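S.K.: Single-letter residue listing:
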Amino acid sequence: MVRELKITPIKNGTVIDHITSGLALDVLRLINIQSLDKDSTVSVAIRVRSGKLGWKDIVKVENMELSPRKVNAIALISPQATISIVRDFKIQEKRSVDLPDRIVGILKCPNPNCITNQPEPVESEFEVIERRPVVLTCAYCERRVESFLNHLA
Amino acid sequence: MSLHGRDVISIRDLSREEIEEILASARKMVPYAEGKKVMHPLEDKIVAMAFFEPSTRTRLSFESAVQRLGGSCITIADAGASSMRKGESLYDTIRMLSGYAEAIVIRHPNEGSARLAARASDRPVVNAGDGAGQHPTQTLLDLATMQESFDTLTGLKIVLLGDLKYGRTVHSLAHALALFGSEIVLSSPPGLGLPDEVIERLEHMGGKVTAEPDLRKAVRDSDVLYVTRIQKERFPDESDYRKVAGSYRIDASVLRDAKPRLIVMHPLPRAGEISPEVDDTPHAAYFRQAFLAVPVRMALLNAVLGEGKKGG
Numbered sequence: 001m002v003r004e005l006k007i008t009p010i011k012n013g014t015v016i017d018h019i020t021s022g023l024a025l026d027v028l029r030l031i032n033i034q035s036l037d038k039d040s041t042v043s044v045a046i047r048v049r050s051g052k053l054g055w056k057d058i059v060k061v062e063n064m065e066l067s068p069r070k071v072n073a074i075a076l077i078s079p080q081a082t083i084s085i086v087r088d089f090k091i092q093e094k095r096s097v098d099l100p101d102r103i104v105g106i107l108k109c110p111n112p113n114c115i116t117n118q119p120e121p122v123e124s125e126f127e128v129i130e131r132r133p134v135v136l137t138c139a140y141c142e143r144r145v146e147s148f149l150n151h152l153a
Numbered sequence: 001m002s003l004h005g006r007d008v009i010s011i012r013d014l015s016r017e018e019i020e021e022i023l024a025s026a027r028k029m030v031p032y033a034e035g036k037k038v039m040h041p042l043e044d045k046i047v048a049m050a051f052f053e054p055s056t057r058t059r060l061s062f063e064s065a066v067q068r069l070g071g072s073c074i075t076i077a078d079a080g081a082s083s084m085r086k087g088e089s090l091y092d093t094i095r096m097l098s099g100y101a102e103a104i105v106i107r108h109p110n111e112g113s114a115r116l117a118a119r120a121s122d123r124p125v126v127n128a129g130d131g132a133g134q135h136p137t138q139t140l141l142d143l144a145t146m147q148e149s150f151d152t153l154t155g156l157k158i159v160l161l162g163d164l165k166y167g168r169t170v171h172s173l174a175h176a177l178a179l180f181g182s183e184i185v186l187s188s189p190p191g192l193g194l195p196d197e198v199i200e201r202l203e204h205m206g207g208k209v210t211a212e213p214d215l216r217k218a219v220r221d222s223d224v225l226y227v228t229r230i231q232k233e234r235f236p237d238e239s240d241y242r243k244v245a246g247s248y249r250i251d252a253s254v255l256r257d258a259k260p261r262l263i264v265m266h267p268l269p270r271a272g273e274i275s276p277e278v279d280d281t282p283h284a285a286y287f288r289q290a291f292l293a294v295p296v297r298m299a300l301l302n303a304v305l306g307e308g309k310k311g312g
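Protein chains in written order, with the working numbering: chain A, 1 to 153; chain B, 1 to 312.
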């Protein structure tokens, strides 16, 4: 009996491809996998052969089209990742992640005294002040952030 | 270029030209701030003082500035007495206040609160200190004090002494000094140095920054000695505070080799950093600095609210 162990195509959902090898689990944290619907099966492939990158990771999320806000946040850690939206097994849309000028609602300000960490009706917001490597500052308290994974909202 | 209707949250919101414009206006405001002349550009205007943290000189000098300009104030001077105590958010409080006044001056213990207030308000917001964050009008009055003493801000050599890590006034001041091409000499107790990222930014702006832990050497050929208080409330750990509290004190012996024209500045209140024996020397500029808060805040409020300069 031949058993297929590699992850299979999905019918509907989002494929995040060309993730820097080893960062798939961080991407899952970034898109906040806990917040997805229970019927969204998530498949993860780590260290997959890639013509372009040598090795890469892949994440597939079924029945879920990720919001541009979440997709673009992936650019924080894996700028060469690509996003494909799949409908009925066909790729409807494929594009690179694009680091925006502002990151809204994805990260939590590392400054505990920042107003965005108080019970206020406000989302966190960071300005991208450097792109290579990425450096952000809080749009409210101006705190600088260089390592993002510790500060996911 | 106009400040009319603008928020002033951080010194970085102002260009060098805008700072110069405020300082020039502040000079003209001095006789009005002293009560020797009268002007009423803010007649019929109300400025809300939203002070959610204790403050003496900042609030009173803002209130004095508004009244010298012929305007009136409504004041929250104690957060405990406002409806925030009932759980109202800062956002809602400011949104409400913006319906009661033409401008809002805010002091709040959380960093970034003034930026939030600016977003909540459709009236201009002036930051009067947000936690350990920004305090732009303090920087403006510091610059006004230096300019009054030396007639220029360019080419001055300024020693920044004290808590350069947590001190909120120092980062904004250093930014503005770099903008004017001043030479900055850093002198701080161990562990309280200016953060590297701030030094990098200053150098990137073209500022000349050096460090001299020996205070007497630092003072020798400088124009300004800017002393700050070590603020207990900013230290995450009280044992760190105790290690450095009282580690420097300016007295006649420190100033012995100083230039005759050196001025000693301090944002006040002082807590033993400057001996009272300095008060009666020509070096003492800190009380003049405290007075200049009024004409500087008058100049800023007049630019933000007055009828003089619209458009831009």
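Check before you lean on any hint, since a few could be wrong.
Stated by the list, open to error - Straight-line C-alpha distance at most 27 Å; calculated DSSO-like pairs for lysine-lysine:
#: 1; chain 1: B; residue 1: K165; chain 2: A; residue 2: K108
#: 2; chain 1: A; residue 1: K108; chain 2: A; residue 2: K90
#: 3; chain 1: B; residue 1: K217; chain 2: B; residue 2: K157
#: 4; chain 1: A; residue 1: K108; chain 2: B; residue 2: K243
#: 5; chain 1: B; residue 1: K165; chain 2: B; residue 2: K86
#: 6; chain 1: A; residue 1: K70; chain 2: A; residue 2: K108
Because the hints were derived from the structure by calculation, they are not lab data.
This structure is a prediction, so every number in the text was calculated from the model and none was measured.
S.K.: So, for every hint listed, does it hold in this structure?
M.R.: Hints and how they fare:
The suggested pairing of B/K165 with A/K108 holds, with an alpha-carbon distance near 23 Å, which does not exceed 27 Å. Between A/K108 and A/K90 the CA atoms are separated by roughly 36 Å; this puts the pair beyond 27 Å, and the hint is violated. Among the hinted pairs, B/K217 with B/K157 is consistent with the structure: their alpha-carbon atoms are about 13 Å apart, no more than 27 Å. With a C-alpha separation of about 32 Å, the suggested pairing of A/K108 with B/K243 is violated against the 27 Å cut-off.
Simply put, B/K165 and B/K86 have alpha-carbon atoms about 35 Å apart, too far for the 27 Å limit, and the pair is violated. Distance restraint check for A/K70 and A/K108: the Cα-Cα separation of roughly 14 Å lies within the 27 Å cut-off, and the hinted pair is therefore satisfied.
The structure fails to meet hints 2, 4 and 5 from the earlier list, while all remaining hints are met.
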